[in-house]
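Under the UniProt record's numbering, the first residue of the sequence shown is numbered 1, with each subsequent residue one higher.
Read the hints as simulated data drawn from the structure, not as lab findings.
Fair warning: there could be bad hints in the mix.
Cut-off 25 Å, straight-line C-alpha distance, at most; resulting in silico cross-link-like pairs (DSS-like, lysine-lysine) [as the list claims (entries may be wrong)]:
| hint | residue 1 | residue 2 |
| --- | --- | --- |
| 1 | 158 | 133 |
| 2 | 47 | 84 |
| 3 | 148 | 133 |
| 4 | 133 | 47 |
| 5 | 133 | 81 |
| 6 | 190 | 71 |
| 7 | 202 | 84 |
| 8 | 47 | 59 |
| 9 | 49 | 66 |
| 10 | 133 | 152 |
| 11 | 84 | 66 |
| 12 | 84 | 152 |
| 13 | 152 | 190 |
| 14 | 81 | 71 |
| 15 | 81 | 190 |
| 16 | 49 | 71 |
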Amino acid sequence: MHRNIELYEFLVENSWQITEQWYQQLDDLDESSVYSTQDTVTINSLKEKNQEFVMQLHKIFNTEEKSFFEKFEEWTVNLAKDQKHLDTDVHYVVREFYRTQDIYLSYIQTFYKQNQDKLEIDQFFTWSNIVRKVFNLSVYIYIDEANKNTLKQIAAQKEMINELSSPVILLQNNVALLPLIGDIDTARAKLILENTLAQSAKLGISNLCIDLSGVAIIDTMVAHEIFNLIKALKLLGVSSTLSGIRPEIAQTAIQLGLDFEEVHTAASLAQALEKITKG
């Protein structure tokens, strides 16, 4: 049996001492870590969160195990979503979980020694094991939330990069430019198609110059996506002009049997814009 009201009351009585001892042991020199802060408000917030965690942890000793873990898991998920901790490298946060665990177990050990005459050693091991179980769960939940946060940030960054990598730049008289730069794979080509159509409709352009001078290689699928883009733009009432086509890209297009007969082309961006403005 892990429950013990005397132990529970002992830990509650020493709660703030546990938190203060944890904070006094902090020695973090990495400025990216939330634990290195010198800001009083942030320091107090760290102590309060540690204290909240400790107070939740105490409940294992006066609550049925299944009921405790159900409520504790829900509470810990919310705690793990704290943005300041999510912005701190995972290994720093995990380190502090286990630092707190060591301190917490030392208080259980103290209680055991004070009551050794009426407690069995197995009781101490039972308490230690269930505390480790709680901390392992906490670490797992935090790492899981940190991973979700990282994936979310990567997705947002990727979306931003994709938007920036296919910007429709409005010039004048409803004329716009789509400068394509770097390697274009099939996935990026599809995003370019989607973003370009959306931006063209939003900007209300009538002529779009698609400049390929910054693209070195185009494969079969990408070439087809570019032609699909031109066809889709035509349906929106947007006239397209391809400029800056490299010789190797032109050769690839010919080998693929792509029909340039209805596609406006120009050797350079300057020539393309000149053609468009002259109508």
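*Taking the numbered hints from earlier one at a time, note which ones the structure violates and give those numbers from smallest to largest.*
The structure conflicts with hints 1, 6, 7, 10, 11, 15, although it agrees with all the remaining ones.
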